[in-house]
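Engineer: Here is what each chain is made of, one letter per residue.
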Amino acid sequence: MNRNPLRLALLAGLGLAIAACTPTTTDVAVAPPPATARPETPATTPTTPVAETASSLVPGSQDDLRQQAGSDTVLFAYDSYELDAEARGVLARHAEWLRANPNVRVTLEGHCDERGTREYNLALGERRANSAKNFLAGQGIAVDRLSIISYGKERPAVEGSDEGAFAQNRRAVTIVMGG
Amino acid sequence: MARPAVFQRPAGVPLASACCYGLFMRLIPLLLAAVAAPAFAQPAAPAAAPAAGPLRVDINAGLTQPMPIAVPAFAPGNAGTTEAGTTTALGQRVAQVIANDLKSSGLFRPLDPAAFTTTVGVDSVLAPDFPAWRTIAAQALVTGTVTANPDGGITLACYAYDVFAGSEIARQGFVTTAAGWRRAAHKCADLVYSRLTGETGYFDSRIVYVSETGPRTKRIKRLAIMDQDGAQHRFLTSGQNLVLTPRFAPGQQTITYMSFENNRPRVWLYTLGSGRQEAVGEFQGMSFAPRFSPDGQNLIFSMAVGGNTDIWRYNIATRQSVRLTTGPGIDTSPSYSPDGSKIVFESDRGGSQQVYVMDADGGNQRRISFGEGRSASPVWSPRGDYIAFTRMGGGRFGIGVMRPDGSGERLLTNGYQDEGASWSPNGRVIMFARSDRSGRTGLWSVDISGLNERRLATPLDASDPAWSPLLP
Amino acid sequence: MTATERYWLLAAGVAHIALIGALSLAWQHSQRLMPAATDAVPVELVTIADAPRVTEAPKPSMEAAPQEPAAAPEAQPDTAPEPEPVKPDAVPPPEPVKPKPEPKPQAAPTRAPPSPLDTSSLANLIDKALPKAPKKMLDTSKLAKELGNDAPRTATVDPRAAATLAQAIRAQVAPCWNPPAGGRDVRRMTVIVQVQYSRDGRVVGMPEVGRPSGTTTANADYARAFAETARRAVLRCQPLKLPAKMYDLWANVEINFDPEEMT
Numbered sequence: 000m001n002r003n004p005l006r007l008a009l010l011a012g013l014g015l016a017i018a019a020c021t022p023t024t025t026d027v028a029v030a031p032p033p034a035t036a037r038p039e040t041p042a043t044t045p046t047t048p049v050a051e052t053a054s055s056l057v058p059g060s061q062d063d064l065r066q067q068a069g070s071d072t073v074l075f076a077y078d079s080y081e082l083d084a085e086a087r088g089v090l091a092r093h094a095e096w097l098r099a100n101p102n103v104r105v106t107l108e109g110h111c112d113e114r115g116t117r118e119y120n121l122a123l124g125e126r127r128a129n130s131a132k133n134f135l136a137g138q139g140i141a142v143d144r145l146s147i148i149s150y151g152k153e154r155p156a157v158e159g160s161d162e163g164a165f166a167q168n169r170r171a172v173t174i175v176m177g178g
Numbered sequence: 000m001a002r003p004a005v006f007q008r009p010a011g012v013p014l015a016s017a018c019c020y021g022l023f024m025r026l027i028p029l030l031l032a033a034v035a036a037p038a039f040a041q042p043a044a045p046a047a048a049p050a051a052g053p054l055r056v057d058i059n060a061g062l063t064q065p066m067p068i069a070v071p072a073f074a075p076g077n078a079g080t081t082e083a084g085t086t087t088a089l090g091q092r093v094a095q096v097i098a099n100d101l102k103s104s105g106l107f108r109p110l111d112p113a114a115f116t117t118t119v120g121v122d123s124v125l126a127p128d129f130p131a132w133r134t135i136a137a138q139a140l141v142t143g144t145v146t147a148n149p150d151g152g153i154t155l156a157c158y159a160y161d162v163f164a165g166s167e168i169a170r171q172g173f174v175t176t177a178a179g180w181r182r183a184a185h186k187c188a189d190l191v192y193s194r195l196t197g198e199t200g201y202f203d204s205r206i207v208y209v210s211e212t213g214p215r216t217k218r219i220k221r222l223a224i225m226d227q228d229g230a231q232h233r234f235l236t237s238g239q240n241l242v243l244t245p246r247f248a249p250g251q252q253t254i255t256y257m258s259f260e261n262n263r264p265r266v267w268l269y270t271l272g273s274g275r276q277e278a279v280g281e282f283q284g285m286s287f288a289p290r291f292s293p294d295g296q297n298l299i300f301s302m303a304v305g306g307n308t309d310i311w312r313y314n315i316a317t318r319q320s321v322r323l324t325t326g327p328g329i330d331t332s333p334s335y336s337p338d339g340s341k342i343v344f345e346s347d348r349g350g351s352q353q354v355y356v357m358d359a360d361g362g363n364q365r366r367i368s369f370g371e372g373r374s375a376s377p378v379w380s381p382r383g384d385y386i387a388f389t390r391m392g393g394g395r396f397g398i399g400v401m402r403p404d405g406s407g408e409r410l411l412t413n414g415y416q417d418e419g420a421s422w423s424p425n426g427r428v429i430m431f432a433r434s435d436r437s438g439r440t441g442l443w444s445v446d447i448s449g450l451n452e453r454r455l456a457t458p459l460d461a462s463d464p465a466w467s468p469l470l471p
Numbered sequence: 000m001t002a003t004e005r006y007w008l009l010a011a012g013v014a015h016i017a018l019i020g021a022l023s024l025a026w027q028h029s030q031r032l033m034p035a036a037t038d039a040v041p042v043e044l045v046t047i048a049d050a051p052r053v054t055e056a057p058k059p060s061m062e063a064a065p066q067e068p069a070a071a072p073e074a075q076p077d078t079a080p081e082p083e084p085v086k087p088d089a090v091p092p093p094e095p096v097k098p099k100p101e102p103k104p105q106a107a108p109t110r111a112p113p114s115p116l117d118t119s120s121l122a123n124l125i126d127k128a129l130p131k132a133p134k135k136m137l138d139t140s141k142l143a144k145e146l147g148n149d150a151p152r153t154a155t156v157d158p159r160a161a162a163t164l165a166q167a168i169r170a171q172v173a174p175c176w177n178p179p180a181g182g183r184d185v186r187r188m189t190v191i192v193q194v195q196y197s198r199d200g201r202v203v204g205m206p207e208v209g210r211p212s213g214t215t216t217a218n219a220d221y222a223r224a225f226a227e228t229a230r231r232a233v234l235r236c237q238p239l240k241l242p243a244k245m246y247d248l249w250a251n252v253e254i255n256f257d258p259e260e261m262t
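Going down the list, the protein sequences come from chains A, B and C. The first sequence begins at 0 in numbering that gives the first Met the number 0 and counts up by one. The second sequence begins at 0 in numbering that gives the first Met the number 0 and counts up by one. The third sequence begins at 0 in numbering that gives the first Met the number 0 and counts up by one.
Don't read these hints as lab results, they were simulated from the structure. All C-beta atoms, glycine included, are put in the ideal place defined by N, C-alpha and C. Watch out, some of these pointers could steer you wrong.
Stated by the list, open to error - Taking beta-carbon pairs under 7 Å as the criterion, some of the chain B residues facing chain C (in silico):
| hint | residue |
| --- | --- |
| 1 | Ile-58 |
| 2 | Asn-59 |
| 3 | Leu-62 |
| 4 | Gly-179 |
| 5 | Leu-195 |
| 6 | Pro-468 |
| 7 | Leu-470 |
Claimed, not checked - Computed from the model, here is a short list of chain B residues facing chain C with C-beta under 7 Å:
| hint | residue |
| --- | --- |
| 8 | Asp-57 |
| 9 | Gly-61 |
| 10 | Phe-173 |
| 11 | Lys-186 |
| 12 | Gly-197 |
| 13 | Arg-409 |
Could you put together the complete structure from these sequences and hints?
Structural biologist: Laid out in structure tokens, this is it:
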């Protein structure tokens with residue numbers, strides 16, 4: 000019992016020492032995550048339907064969209080914002096899902112690989128997000144349920160500087176914003 | 000007859016030349032004897048007159064190498080002590096800052112203080128021992144005094160000498176607070192630089208940039224500011240919001256940048272000193288790629304609406320905005336000419352990113368870049384003679400320069416990704432961000448000649464540098 | 000674990016959280032409110048007291064060196080006048096050209112009939128010896144013409160000898176010339192420096208630096224720096240090694256510095 004205050008003092012001192020000795024790590028650690036962060040599930044992970052997961056999904060959630068549509072992400076060719084057949088197929092299922100969840104609004108995020116200058120990529124990401132938005136609008140989704148944002152090359156889906164990584168990073172992602 | 004070694008072989012002659020030079024010096028007597036001999040072998044003509052005019056010699060090339068310069072510790076003007084240390088200690092630090100500035104330009108080679116055969120005391124500041132400085136081949140000497148003032152501040156007296164001419168070539172005093180000693184040292188270095196090169200200096204300036212940390216997929220980016228030499232580093236934003244592309248106002252008290260605050264990517268203003276942050280305008284689309292006009296009254300930036308990106312001008316006082324480009328392509332990265340009459344920008348209207356110039360009102364748009372690959376992110380030099388840009392090709396990015404009419408294109412750097420060029424206030428040096436395939440990124444600078452590529456150390460990874468104008 | 004121990008552990012935990020929290024808050028606070036430190040500290044420019052000018056003779060090594068006794072008396076009647084005391088503000092070269100101290104040395108028997116020596120091959124040798132030095136050949140015809148005009152008919156200076164002499168001077172001075180690189184107008188600028196040499200090849204007094212060609216109000220600072228590099232080249236690369244017997248030819252030299260062949 001007598002040693003407990005000592006233990007406290009030691010622990011407190013240790014805490015202080017750690018805090019004092021690692022200011023930079025502290026900085027990073029306490030910096031709140033970017034407000035723009037969203038669930039960091041690999042966007043292109045195809046959901047393998049498992050009986051239990053299907054029932055545990057919250058309808059109208061991001062996971063629900065991913066589950067029902069097969070993916071929340073469509074990919075683009077280098078320096079392109081055209082939707083290919085596969086992308087149109089995915090977005091058509093997003094439209095279907097949006098019709099089934101009429102209270103849900105989504106944001107279309109446009110992203111680029113790193114092989115472009117920063118400012119150009121912001122514009123290119125906007126074009127990609129806009130392509131996806133226009134497609135959904137064309138499927139009859141009310142425009143006021145669709146917003147867009149471009150991250151340019153600032154938020155790649157995967158690390159790496161090879162064609163495999165680039166292909167996954169050139170994308171538009173449908174993000175559920177709630178009802 | 001003992002001659003100083005310096006005259007035997009000029010200092011700084013590269014080894015290769017030196018060897019040839021030495022050989023030549025040995026050959027000269029032979030050569031000239033051969034020339035002279037026939038002249039005197041003949042019977043002397045009576046009343047021969049010498050050439051009336053002086054012998055004319057043309058020198059069409061010299062050597063390009065850093066000038067050896069001596070920057071001994073500044074002498075303490077009194078025995079005072081300031082918040083920043085004693086005058087003796089400050090005198091040493093001032094000399095180090097000045098030597099480091101001059102060295103970083105690539106145009107000067109500060110001599111190793113260990114080689115000094117003399118020092119400069121307070122009583123010899125005005126009469127340095129030139130022969131002693133000549134023997135170590137210093138071509139110029141920078142010295143002075145640091146004096147503690149009764150109010151706690153300091154006075155830095157800065158003198159520059161041409162060692163071989165044995166003459167003073169510049170002097171200036173600087174009065175500042177103790178904390179301002181670095182600025183005073185930078186101003187002294189600027190004085191020396193400008194006096195010896197004939198160009199304005201750039202050492203008393205700052206860099207604002209984006210400090211980066213964390214994995215690439217969720218990078219944390221913060222605005223940070225530091226002196227041009229990396230000293231006095233401070234963060235300006237917390238990292239809560241993604242921030243990009245800061246640029247200084249001409250008065251360098253305000254920074255414009257892009258922030259994703261509240262998931263609304265748009266242009267912001269940051270006021271140094273107060274730390275006040277303010278979003279610019281209420282626009283339908285995303286605003287980005289901001290830059291100030293040379294008079295500081297306008298911003299130009301891109302706005303993306305419905306898949307189309309155009310360039311707009313925004314008056315900060317009246318909050319009125321004017322659209323300058325209307326085409327269906329991506330028009331971005333605008334930058335004013337220093338006189339404010341023109342704007343250089345990039346556009347993909349022709350199929351891929353190329354550099355274009357237009358009048359400040361949007362008229363007379365024309366393409367100026369026709370090199371290989373893509374040319375992007377143009378930035379007009381503050382002295383007006385060049386436009387820096389990013390060249391993309393073969394999976395690599397390099398920084399290049401071209402004349403404002405698109406001629407004289409030269410690539411200065413080549414990296415995996417070199418981008419985000421920013422000019423030094425005198426238009427002589429370009430700072431840029433260099434990233435490698437692992438995603439690490441840092442700040443580098445290169446002389447407009449393409450020489451003197453060097454890295455500027457930052458506490459964390461760094462990108463999007465913006466060089467301030469000279470401080471007032 | 001007793002209740003008391005749990006209490007202390009809990010207290011320790013709370014204290015840690017509070018501590019870390021406080022540190023975090025303090026840190027965030029400092030990030031949010033960037034203090035006035037981001038304002039640049041003002042620096043005031045002041046004129047520093049006028050002090051004794053530098054009066055030291057600029058070429059002590061020359062004074063220390065023994066003069067060629069024969070040369071001094073007649074060949075250099077005007078060596079004595081020191082270059083005017085060097086004042087800081089007098090450094091800029093665009094000074095009015097003061098009358099040259101013409102040594103007017105006695106006519107040397109420099110009449111030279113056509114020499115069998117192939118000076119052009121010598122020139123090649125010189126050029127090879129100094130790869131960075133000019134490739135351009137001296138305009139010997141012009142020099143010869145001038146010499147011819149100035150000299151009485153009966154006397155001629157072998158133009159090839161003069162040309163070789165010029166090349167020898169060029170080869171010795173060029174390695175000391177370090178023109179400022181990267182200036183906007185460097186390619187348009189040239190400057191002429193008038194140098195008086197003593198018989199032992201040392202510079203007498205201060206070389207006279209002319210006004211650089213292409214000087215404008217906009218580039219005046221650059222022109223001054225440019226001119227000073229030329230003067231520095233002359234002062235650094237001395238004494239010249241030249242044949243004393245031809246001293247009359249090189250007692251006064253006009254060096255034209257032109258960076259036209261530099262990249």
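Engineer: Now tell me if each hint is right for this structure.
Structural biologist: Cross-check of the supplied hints:
1. A hinted interface residue such as Ile-58(B) counts as satisfied when its beta carbon comes closer than 7 Å to some beta carbon of chain C; here the least separation is about 5 Å, so the hint holds.
2. At its closest, the beta carbon of Asn-59(B) sits 4 Å from a beta carbon of chain C; the interface hint therefore holds under the 7 Å criterion.
3. This hint holds: Leu-62(B) has a C-beta 6 Å from the nearest C-beta of chain C, less than the 7 Å allowed.
4. Taken as an interface hint, Gly-179(B) checks out: its beta carbon lies about 4 Å from the nearest beta carbon of chain C, inside 7 Å.
5. Taking 7 Å as the C-beta contact cut-off toward chain C, the hint placing Leu-195(B) at the interface holds, the least distance being around 6 Å.
6. The interface hint given for Pro-468(B) is violated, since its Cβ lies 11 Å from the closest Cβ of chain C, which is over the 7 Å cut-off.
7. Annotation: Leu-470(B) was flagged as interfacial toward chain C, and the flag holds, the nearest CB pair being 5 Å apart, inside 7 Å.
8. Hint status for Asp-57(B): holds, given a least beta-carbon distance of 5 Å to chain C, under 7 Å.
9. This hint holds: Gly-61(B) has a C-beta 3 Å from the nearest C-beta of chain C, less than the 7 Å allowed.
10. Annotation: Phe-173(B) was flagged as interfacial toward chain C, and the flag holds, the nearest CB pair being 5 Å apart, inside 7 Å.
11. Proximity of Lys-186(B) to chain C holds as hinted, the smallest CB-CB distance being about 6 Å (cut-off 7 Å).
12. Annotation: Gly-197(B) was flagged as interfacial toward chain C, and the flag holds, the nearest CB pair being 3 Å apart, inside 7 Å.
13. Because the smallest distance between the Cβ of Arg-409(B) and any Cβ of chain C comes to about 11 Å, over 7 Å, the interface hint for this residue is violated.
Against the hints set out earlier in the document, violations occur for numbers 6, 13.
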